[in-house]
Amino acid sequence: MSIRQATDQPGKLALEAAISLPTRREFLKRFGTGLMVWVVLRRSAGAEESEAAHPATFRPRSAGDFNAFLSIGEDGHVTCLTGKIEMGQGPITSLPQMLAEDLDVSIDDISIIMGDTELCPFDAGTWGSMTTSFFGNVWRAAAAEARSVLLEMAAETLQVPVARLTVDQGVVVDSKDPSRRVTYGQLTKGKKIERRLTVKPSLKAPGQFKIIGKPLLRRDSREKVTGTAKYAGDLRMPGMLYARVLRVPAHGAKLKHVDTSALRKIDGVVLVQQADLVAVLHELPDVADDALGKLHAEFEPSPSTLDDRTIYAHLEQAKLEPTVVAQGGDIAAGRALAVRRLDQTYLGAYVAHAAMETHAALAHVEGGKATVWASTQNPFGAREEIAQALGLPIPSVRVITPFVGGGFGGKTFNLQAVEAARLAKETGRPVQVMWTREEEFFNDTFRPAAVVKIQSGLDSAGRIAFWDYEVRFAGDRASAHLYDIAHHRTSAVGSFMEPPGFHPFPVGAWRAPGSSNNAFARESHVDQLASMAGVDPIEFRMRQQKDPRLARVLKAAADQWGWKPGKAPSGRGLGVACGADAGSYVAAIAEVEVDRTEGKIKVKRILVVQEMGLVINPAGARIQIEGGITMGLGYALSEEMHFKDGVLRETNFDSYVLPRFSWLPKIETVILDADDSPPNGGGEPAVILPGAVIANAVHDATGVRLLELPMSPARVKAALAVKGQVT
Amino acid sequence: MPDTVSFRLNGQPVRISVAPDRTLLWVLRTDLGLTGTKFGCGIVQCGACTVLVDHRAVRSCSVDVKSVQGTDVVTIEGLASDGKLHPIQEAFMAHDALQCGFCTPGMILTAYDFLRRHPNPTREEVIAGMDDNLCRCGAHVRIVDAILAAATAMRGGSPS
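So the protein sequences, as listed, match chains A and B.
According to the numbering used here, the stretch in the first sequence is residues 4 to 730, in order.
According to the numbering used here, the stretch in the second sequence is residues 7 to 166, in order.
Hints were generated in silico from the structure; no laboratory data involved.
Every residue, glycine too, gets a C-beta built ideally from N, C-alpha and C.
Incorrect hints may appear among the rest.
[Claimed, not checked] List time: in silico EDC-like cross-link candidates among lysine to aspartate or glutamate, alpha-carbon distance up to 16 Å:
#1 Lys90(B) to Asp262(A)
#2 Lys607(A) to Glu671(A)
#3 Lys297(A) to Asp262(A)
#4 Lys669(A) to Glu130(B)
#5 Lys322(A) to Glu501(A)
#6 Lys72(B) to Asp27(B)
#7 Lys233(A) to Glu96(B)
#8 Lys72(B) to Asp9(B)
#9 Lys213(A) to Asp111(A)
#10 Lys607(A) to Glu130(B)
#11 Lys217(A) to Asp678(A)
#12 Lys669(A) to Asp151(B)
#13 Lys194(A) to Glu159(A)
#14 Lys372(A) to Glu121(A)
#15 Lys213(A) to Asp262(A)
[Said to hold, decoys possible] In silico negatives: residues of chain B with every beta carbon more than 12 Å from chain A:
#16 Arg14
#17 Gln18
#18 Asp78
#19 Thr110
#20 Asn126
#21 Met160
Using the sequences and the hints, build the whole thing.
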């Protein structure tokens, strides 16, 4: 252990040290011989967002925490361990792919253990597109360090200088005499070698890559197509009970009284009744569900008086100091230059995560220790939540993460794991909690409703004279404009989850938090300015930018599409939008058709061009882009929570409408080569554009500008009616 | 009251003592330990719980276990035979037609029934045939590609 820096929370220091030491001892016990590499992960870009997404009481605050780990066993098999988790986004493939490259071993000789708080080093959570962009380099450095240690050992064994050695598939060969060779397994056999990475080793350059950059199929697909992949709700233990938790009918409502007498007639039912947790449990989940329905509960109504229409005024009027995100020039001077003004307000609804797997957990509490298998994006955060709820020290709780059936930011907090753990402790039996879809909607931490206000204007030359942008409650991510504007200011009020007390129910990170609201507002507004200036929307953006990465994605999109310039509205139904998120740049062009009678928008074709730096697995990256676009059709066109007085109207997929097969546009993806740049985020950037690119295409088709998401048929019809275009 | 329900499950005869009005999904997942069949919504909206009953895709969240008395039930665990994957499973793997994998069993079994009825489908027919199955990760494009490739393979052609 290295010495920890002092923090502003001295009380936490002892706790942190106590946590890390046994964990490390546990590693050594399990991987007694072979080569082990420990890596220090420093705080850096992205850490603040993690902090915001999930303030943790235990989080590495100094350079002394071991954050990546791999071990090479006597048989040459590589085991790598990471606190990251697999929820569909693909690190189960891309992380071993990186190791295979930098260690020079076959990917088939690598296994990965993910999201087990007892085995895996601390991780702040899987979100923010940081697995590859941030964590990936540390991960690769661990592999490079291991490789250099192995080469030194091989040089000794073979009695040749390191420079003469080459490695392929885990075999070190003397390049002057290929008959002289030794495997990684032979080198490490029976030895216990520990290395701690302190100096950044040199990573292979892109020109040397053999595996990075090659499209690899998912490594978990066989389990997933045969039904053997286990999710938290699939785990079974002898004697376990399935729990159903009594929920209040509205956010803010309180349980007054519950009559449980009907349960007496049901064999084997177990009731847990605590001040803030009432649950019925049974050895069969469907019987527990029936039993819950037999409770007669009375509630005090919610004090909330907000609904999905009044919420926007509520958020606009919230008295909070804005934070300046970016500014330059002099807004007053810019205003004076404007010969035409455009002031608009953009709205976005509450949106659910709606992962196909509802929150689930299986908890086993015995002898002062708790083991909880949970569907979570944040196993270490779950460990804290559970420890606190049970009154256990953090090291006495182990969280294990099986396959996670989608997260999108919605599995950051772990109420279900806490419920399972509390009920297991109370009943003395293993307990599984798997939320119903209704509970999943009710307990979601929604993408917040948000308001973006933009004031701007064009100068006499048709350029943007000033840009005054305020985002309220979406978060400031991707809020700064991308363009070359002399007089500008971008400010943010609140974030996607802070401060508490303004929303009628919990909100939180939703895939690329804030960015989809910000991209919708900015790119809609820029499009309106282009239209006012009478300039083609791509041409307008190109003239107004000075960022080569932005120019590159826009130009590539225009080329790939076969873009023919035209002033909007052209009647063609074509829209363009661009953005930057998680360090990557994206541009999209879409073609839509608007059914003026039904108000329905059909996206016929959509092209996404993404520049994301070095790409580890192009196959996985492309799928993430397609997935982001498909998912993004939802918040753009249909997804919206309606509510009144704390009651949510959408409770299941019959009322909350997800994108489906019949919505599929023709999706084209282009990933621009940028191997010499560090890898950036790939799972989120594309999801930020559908709102804007579709709104712009609808304007191009109809001349009608939609300022509110989702662009539901009712809103489209209303907007067309104002314009006198309903047929 | 418990009753005896007998049917074939993944090729094997089963005989269980069970309250006959219990839901097939939960009997499969709990009593019979076959957790490849997923719970997604409970109201026939998402397709994650799809199983085959006499080769027809059935939403197991919405039928009583007694309804499969005397039938041949296949869950995702039983689609491969003698260790060999079904062409639809192979195509899903070859096309990366999944991300989180939670909707995958239901997608594959829905596709099985669809291809039984439409051995030579167009892309539009696949889209229409799969429209009642939900995927949140956005694997739709790949799923359509995989089903078209599986159709080719099942007709004896080489998968594309």
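Hints the structure violates: just list their numbers, smallest first.
As far as the earlier hints go, 1, 7, 15, 19 are violated by this structure, in ascending order.
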